[in-house]
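A.B. asks: Generate the whole structure from the sequences, applying the supplied hints.
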Amino acid sequence: MRNSPTSSTRLINFLGSMNLAISLLVVVAIASVIGTILRQNQPYTDYQIKFGSFWFDLFKALDLYDVYSAVWFLSILAFLVISIATCVGRNTPGILRELRHYRENVQEKSLRAMKHQTVIPTAQNAAQAQALAIRILHNQGFKTRQKASDDHAVVAGMKGRANHWGYWLTHVGMIVIFIGGLLDSRLPLMVAEWQGTLKPETRNIPAGEVPAISQLSTSNFSYRGSVDIPEGSRANILFQPMREGYFVQHLPFEVEVKEFRVEHYSTGMPKSFESDLVIHDKDLAKPLETTISVNHPLFYKGVAIYQANFGDGGSEVKLRLHPFSSRYAAQDLDGKIFGDYNLTSSDQQYKLELKDFRLFNINDMEDETGKVKKKNIGPSITFKLRDATGQAMEYQNYMNPVSIKGQIYYLSGVRASPAEPFRYLHIPVDPKGGMERFMRFLSNMQNTELVKKSAIETTRSSMQQTNVQNTEVENQVIESMVRLTEQFASKGSEGIMQEIAGRFPEDKRASASEAFMKVLNASLRSVYAETLKQEGISGELKEADWLFFDDSILAIDKIAAYGSPWFVQLSTFKQIEASGLQITRSPGKDVVYFGSAMLVIGVFLLFYVAHRRIWVWIKPLGENQSEIVVAGSSNRNQPEFERYFNRLQGIFQQAMAYEVKDVSSTTNP
Amino acid sequence: MSVPQQTLESLIEEPSLFKQLGLRDWLWAAVVLAATAFLFAQYGNGMDGYEIGILAMSAPSLIGLGWYWKAFQPYALAVAAFSLLGIWLYDGSYANAEVVFGLKFLVSSQSAVMWMSALFVMATVTYLGGLVANNEFTLKTGSALTWAALIMGMTGLMVRWYETYLVDPEFGHIPVSNLYEVFILFSLITGLLYLFYEGRYKNRSLGGFVLLVISAAVGFLLWYSVSRDADKILPLVPALKSYWMKIHVPANFVGYGSFALAAMVSVAYLLKERGQRVNPNGMMATRLPSLDMLDDVTYKAIALGFAFFTVATILGAMWAAEAWGGYWSWDPKETWALIVWLNYAAWLHLRFSKGWRGTPMAWWAIVGLFVTLFAFLGVNMFLSGLHSYGEL
Chain A
1 MRNSPTSSTR LINFLGSMNL AISLLVVVAI ASVIGTILRQ NQPYTDYQIK FGSFWFDLFK
61 ALDLYDVYSA VWFLSILAFL VISIATCVGR NTPGILRELR HYRENVQEKS LRAMKHQTVI
121 PTAQNAAQAQ ALAIRILHNQ GFKTRQKASD DHAVVAGMKG RANHWGYWLT HVGMIVIFIG
181 GLLDSRLPLM VAEWQGTLKP ETRNIPAGEV PAISQLSTSN FSYRGSVDIP EGSRANILFQ
241 PMREGYFVQH LPFEVEVKEF RVEHYSTGMP KSFESDLVIH DKDLAKPLET TISVNHPLFY
301 KGVAIYQANF GDGGSEVKLR LHPFSSRYAA QDLDGKIFGD YNLTSSDQQY KLELKDFRLF
361 NINDMEDETG KVKKKNIGPS ITFKLRDATG QAMEYQNYMN PVSIKGQIYY LSGVRASPAE
421 PFRYLHIPVD PKGGMERFMR FLSNMQNTEL VKKSAIETTR SSMQQTNVQN TEVENQVIES
481 MVRLTEQFAS KGSEGIMQEI AGRFPEDKRA SASEAFMKVL NASLRSVYAE TLKQEGISGE
541 LKEADWLFFD DSILAIDKIA AYGSPWFVQL STFKQIEASG LQITRSPGKD VVYFGSAMLV
601 IGVFLLFYVA HRRIWVWIKP LGENQSEIVV AGSSNRNQPE FERYFNRLQG IFQQAMAYEV
661 KDVSSTTNP
Chain B
1 MSVPQQTLES LIEEPSLFKQ LGLRDWLWAA VVLAATAFLF AQYGNGMDGY EIGILAMSAP
61 SLIGLGWYWK AFQPYALAVA AFSLLGIWLY DGSYANAEVV FGLKFLVSSQ SAVMWMSALF
121 VMATVTYLGG LVANNEFTLK TGSALTWAAL IMGMTGLMVR WYETYLVDPE FGHIPVSNLY
181 EVFILFSLIT GLLYLFYEGR YKNRSLGGFV LLVISAAVGF LLWYSVSRDA DKILPLVPAL
241 KSYWMKIHVP ANFVGYGSFA LAAMVSVAYL LKERGQRVNP NGMMATRLPS LDMLDDVTYK
301 AIALGFAFFT VATILGAMWA AEAWGGYWSW DPKETWALIV WLNYAAWLHL RFSKGWRGTP
361 MAWWAIVGLF VTLFAFLGVN MFLSGLHSYG EL
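Top to bottom, those sequences are chains A and B. Note that my numbering gives residue 467 to position 467 of the first sequence, counting from 1, and the numbers run on in steps of one. Note that my numbering gives residue 140 to position 140 of the second sequence, counting from 1, and the numbers run on in steps of one.
These are computed hints drawn from the structure, not numbers from a lab. Keep in mind that a hint or two might mislead.
[Claimed, not checked] Derived contacts from chain A toward chain B, CB cut-off under 7 Å, selection only:
id : residue
1  : Asn-295
2  : Tyr-306
3  : Ser-326
4  : Asn-361
5  : Met-365
6  : Thr-584
7  : Ser-596
8  : Val-603
9  : Pro-639
In this text, all values refer to a predicted model and were calculated from it rather than measured experimentally. Using N, Cα and C, we set each Cβ at its ideal position, and we do this for glycine too.
C.D. replies: See below:
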């Protein structure tokens, strides 16, 4: 029986030891660093790309993607709490003794051995000296106990006992905070997962199709997740992220988003995000209407609803598809964001996936003077165009023409993956404000008849000017013009380069390309003049017309790489926004706050209240003679106490001396 | 009753707090209360309940601070006078900043901050010069320059507060919302804490050390405002539009300032300690305060910093619970705040329980400043998270 207490005592000694506590503080600090360096809870594919499969697997095994929920991390925290609790448990009896005992049984020898002590002889009797000592100590705010013996009396005083409460409050406060945190933690979910009764869903599927094993009922104690609710819709669930997946958490009521608003400052920066909510709950006589905004959440039935995010909620858009090829007809499409649409009006099958609509786009724009300024360039639509093989390009098209360095364009960004920046297609805007001229120009370029006709006209007129008559050369030039224009219209300058590469040896390509460009340019100019003629513009072309021509050629050159057979123009829209709500139930919050209050009060008591003890040992030395020993100690802030004790010592010395004079004056009138 | 008896009374009778206060203290209290009442009458309509609460709490805090630290009274009055001058010169138009002489060269926030910067650097040089020359007058000049820098800097912040409303009433906010503004705050709080201890311990020889860290902050501030236009007044992002900012940020900077002070005093400790070993008659050994005092100041600064940092972190958690949907998200800034806290908690435990003193603790306090610096700046520079307001 003797052995078991020894080992448990040893365990308690170990757990309650200061070395362990300090080591744990440092270990928790170091372990916490990991989660700040490695971004937590990102999609696992991102980690895989970043680290490669070896490190990815190793980090995953160590739970580094969600360090703060890792078993090993929680174990360290638990260890810390156990250590604190043991420490408090071990020290509490001692503290209670410290608080209760005035130590009036102190020995004279030990008082005289103290660092702060003084011996004062006085010409008054023991009773007077004792009364005076008590008075002084009381005036200094000490509580006192006395003990009288045959040969001496002791006055023991102390103050600042709250210091020990400081110890107790800080440490118990920490434990309370941990308990509160535990109440709000995902520990129950982790346990259920471990038991196999819960499994996070990893697929991107509608909430209704999520199996029961990934759903959490309304009775769940605490949760924290988010849900996007489009304007005019309601939801009674939220998604709670768990590592690479999520749980569907059911709410005890329904949340409806009536309207979501963004307000802006005069600079265009967002000023506020707010949502008009309606809470539908059968416990309510009528639905609860309220508005939440950032920093102003709604608390209802222990659940807090925060404005956390926003996005598109399925805006309705009308799109016009302008084909780049004259063989296809223009097409109108009524769509909704997040909808997929099959497009059949070209040779290939395409799927148009509408991804996002944005009403405001504050971008850095260059004005005529070349100065870069933030400017709202209006609504945009983001979509993907997926071909039959499943390859997709992503596009971002702006609804309104945008002015860049004084010229106005329709802008469309394109990229093959989200990792790339958008490359932009600038389609010049014609004087009527549309893209008809551009489209007609492009279509004319693809019209062999028209190209040929204008090629013949141009060639003939230039030949007449130079008085050269050579039908063979003429036909060759015309034929080149038609072919090059066709190539350019379908493949851009890349097509011309291919043509040259196919027909000339390397050493002749440079001169050939120069000649080709001249021919092509002449042809394009004539097709452009023809295009303007169709608009009813004839005669000498103005500078603006030629700027338009240059911009058009630059744009057409890029169409081959643009990857879409259409320019998708946003004609009209009805914006429907979605409010991103963060919804939490954290019953531990008040516990944490209570613990925090304990901690704060405790910290101030610990630092700014010192537990001070003063003993006065009174030894009668005869009729009107005695000697007193004043000694003191403090558990904090020794330099301060030294100053204090010196002052107190002065008070004692003077007071004892005054009394002597007083006494002598009454005995010797 | 004889005369000696009365003298005895007065000797052992501890005068109560209020009896220790002089006429000046009561005047101070009256001025603060009058100013508070005026502010409430003038702007009470525009305040919400929390802001009225904060105003109501600031009055007793200021009165108490002035009573506890007498030098704070003239300081605050000087700041008030300069700030009011600034507001008066603005006359309701922000454009006056470039037109009115007094604003352009003295009390517009940017000019005042420039004055603060220049004065802090001058004070640093003067303090160090005074230490090297062992000249009390030079050291006193250092103190005066520091006071002047603090007056100008605080005036800068106060006037900037007013300017945010002048630029656009919707922009109005307390100027502790971005790195530029909090660097000013950091310099001010560190400077004030230093002057407090300078007065308490009647020793000016540490000024050069503490002012070095302030000068570094000033250097950063100047670089930041020149290269990034950081001094431009911008409206608040919605997440920052909360009364919590008024208390969370200043509380945090009392912490940061104290930790910086502790680290610089520790530098002095190490120099003194080395001086005593290597060259007992040298400058470091003879002119710096005693090791005991340096150790004591380090402890006091860390204790004060720790107490305020605890409060600030808890306030931050409460704000997070209102803005982000959870009092603790293990966001990098939160986590680094915890790391700083744990670090100093370990420091205090070693001192309290194990009785560690001296060189290792001084080194630790210096390392602590780097940990703090990372939490303050590094997180914003290198890590991303919810708390990304002062991005570099």
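A.B. asks: Hint by hint, work out which the structure violates, then give me just those numbers in ascending order.
C.D. replies: Hints 3, 4, 5 not satisfied by this model.
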